Amino acid sequence: MSWFYAFDLFGVAVFAISGALMAGRKSMDLFGVLVIALITSLGGGTLRDTILDNHPVVWIRDDLYILVAVLGALGTIAWVRLTRPIHETGLLVADAFGLAIFTVIGTQVALAQSVPVSAAVIMGVMTGVAGGVIRDIICNEIPLIFQREIYATACIVGSLVYIGLYRLDTPADLDVAIAVATVLVIRLAAIRWHLGLPRFHLLDRKPAEKD
Amino acid sequence: MSWFYAFDLFGVAVFAISGALMAGRKSMDLFGVLVIALITSLGGGTLRDTILDNHPVVWIRDDLYILVAVLGALGTIAWVRLTRPIHETGLLVADAFGLAIFTVIGTQVALAQSVPVSAAVIMGVMTGVAGGVIRDIICNEIPLIFQREIYATACIVGSLVYIGLYRLDTPADLDVAIAVATVLVIRLAAIRWHLGLPRFHLLDRKPAEKD
Amino acid sequence: MSWFYAFDLFGVAVFAISGALMAGRKSMDLFGVLVIALITSLGGGTLRDTILDNHPVVWIRDDLYILVAVLGALGTIAWVRLTRPIHETGLLVADAFGLAIFTVIGTQVALAQSVPVSAAVIMGVMTGVAGGVIRDIICNEIPLIFQREIYATACIVGSLVYIGLYRLDTPADLDVAIAVATVLVIRLAAIRWHLGLPRFHLLDRKPAEKD
Chain A
1 MSWFYAFDLF GVAVFAISGA LMAGRKSMDL FGVLVIALIT SLGGGTLRDT
51 ILDNHPVVWI RDDLYILVAV LGALGTIAWV RLTRPIHETG LLVADAFGLA
101 IFTVIGTQVA LAQSVPVSAA VIMGVMTGVA GGVIRDIICN EIPLIFQREI
151 YATACIVGSL VYIGLYRLDT PADLDVAIAV ATVLVIRLAA IRWHLGLPRF
201 HLLDRKPAEK D
Chain B
1 MSWFYAFDLF GVAVFAISGA LMAGRKSMDL FGVLVIALIT SLGGGTLRDT
51 ILDNHPVVWI RDDLYILVAV LGALGTIAWV RLTRPIHETG LLVADAFGLA
101 IFTVIGTQVA LAQSVPVSAA VIMGVMTGVA GGVIRDIICN EIPLIFQREI
151 YATACIVGSL VYIGLYRLDT PADLDVAIAV ATVLVIRLAA IRWHLGLPRF
201 HLLDRKPAEK D
Chain C
1 MSWFYAFDLF GVAVFAISGA LMAGRKSMDL FGVLVIALIT SLGGGTLRDT
51 ILDNHPVVWI RDDLYILVAV LGALGTIAWV RLTRPIHETG LLVADAFGLA
101 IFTVIGTQVA LAQSVPVSAA VIMGVMTGVA GGVIRDIICN EIPLIFQREI
151 YATACIVGSL VYIGLYRLDT PADLDVAIAV ATVLVIRLAA IRWHLGLPRF
201 HLLDRKPAEK D
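For the protein sequence lines, the chains are A, B and C, in the order given.
Quick note: the first sequence uses our numbering, first residue 1, plus one each step.
Quick note: the second sequence uses our numbering, first residue 1, plus one each step.
Quick note: the third sequence uses our numbering, first residue 1, plus one each step.
Keep in mind that the hints are not guaranteed to be accurate.
Computed footprint of chain B on chain C, listed as stretches where at least three residues anywhere in the stretch have a Cβ under 8 Å from a Cβ of chain B [claimed, not checked]: (1) 15-24; (2) 29-39; (3) 49-58; (4) 63-75; (5) 137-146.
These are computed hints drawn from the structure, not numbers from a lab.
Just so it is clear, the structure is predicted and the values come from calculations on it, not from any experiment.
Think of the CB as a built atom: it goes at the ideal place given N, C-alpha and C, for glycine as much as any other residue.
Working from the sequences, and respecting the hints, build out all of it.
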């Protein structure tokens, strides 16, 4: 399924760019940029493969992934040096695309190991979002994923759609295409119209204050 | 050992509630609450099983764990919406119970793989506290475990008690019951009388200031 | 290769000391100091072995590692209590030595599993720096590694040197000695003359501001 492989590498490049940009916002040096780019783009898949005992993990099995992530990071630095503006909307759309691909791949890898549906969804979401979460943790921010428009919810829906189609007698390529489109549409709609889920507010009352 | 299995699920529910409350204090949305609840309740066991190469990890082997964690999170949101107050003391006691169970289970799983005593204790402590530590890291706080009354020390003692009893010719259920009670008693005493270990203070002198 | 094993344990002790000092700067209690020391000294190797599926991980295989880390932490507390000053320069030199050893060991372990060169370098760097990165994350700081003089760059170079020598017909001990010396020299020069890589500055413009 070579178009899918190309999409996967595109997702890696996009997440590497988003990692490099965050590293730049924190004024990291060249090495910091590379590390954050690698973690953002390959962290989710590494966590998934390690927890699923799916060895060797994706970037050890195929070193093109590392190459793409490194090129994505270096390309970002060069781009910012040469031409100031980052096309934020273009980046958000590309990020949504990467998210969609990673979610479906994560679900697919989990299903291939016959895990329960709930675990397959978790693996899909983890593959899509964990890299970004680790990036934000290292950069000492509350992960954006928990504070923005609908993000991982799109992954949950897309993962469930894929699992449903996977069990039907449809062509595998079609299953992937529909599930990827589902994540993409939800995420792009959330960006366009600033859709978000209701929040769970709780006043910060420490136990000590009551004692 | 079905009463122990029930206790384990109770521990999952309790940690899911504590995760959901922390997520509420950070005003996360529904998805954020679920993710933090899942990480808090299943993170320790996932880390333990992955490092011990004990696959499939607990929540992939048995999807009741995920269900209980999700219900614990949703129940917390519903409870807070319906009736304001959280019974902080009740939560602390329940948390102590979950901690006790998780510590003994972690030690047990490690001993079943014939690891050295030191590694079995680390696995017990890790199972008990890692979920909460990851929760605090994601929520961008210095993990409470390092700043409160005796917490993980109770795990260390309970884990050692379990290892001692495990080697004796006592019934397995009794070993578990005594070790769980040990963690519970130490932790509850620490909460009741605000017991803490001495701290290691060190002024923050950066090397640069000396150069 | 017993002198290498001794060096490895020395690296564990040094990183345990650096972890204990950071824990002291955060006024943690005895347990917190031990946990941070263990994570700093054994975290990198644990991550490497888990991702490489190299089980049992190093400190389960050989419990001397845990003993050395615990003694390093307790020794640090005793030392600070007895005699105030920490010899910062001595610590930096020891840290550079630990970094050099860990990097070469990580690369070696990865090469033994016939991974691609890029993955072997990542494993070397990860073994050298991940413990410190996790330490900084738990202590809620942007990892120092991303903000200081040349640090992980020394690991990358040392790892590549080792991989090059490994393929030549040189004695294994010599390969290790040269690669360790490479990391050490680069890192000590960076400390001595405050060498750093250029930074990638990017103004923090959130997408919301443009919409």
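For each hint, the structure was consulted:
1. 15-24: holds (count 4)
2. 29-39: With 8 residues in contact (Cβ-Cβ under 8 Å with chain B), the coverage given for the segment 29-39 of chain C holds.
3. 49-58: holds (count 5)
4. 63-75: holds (count 3)
5. 137-146: Three-residue rule met by the segment 137-146 of chain C, so holds; n is 4.
In summary, the structure agrees with every hint in the numbered list given earlier.
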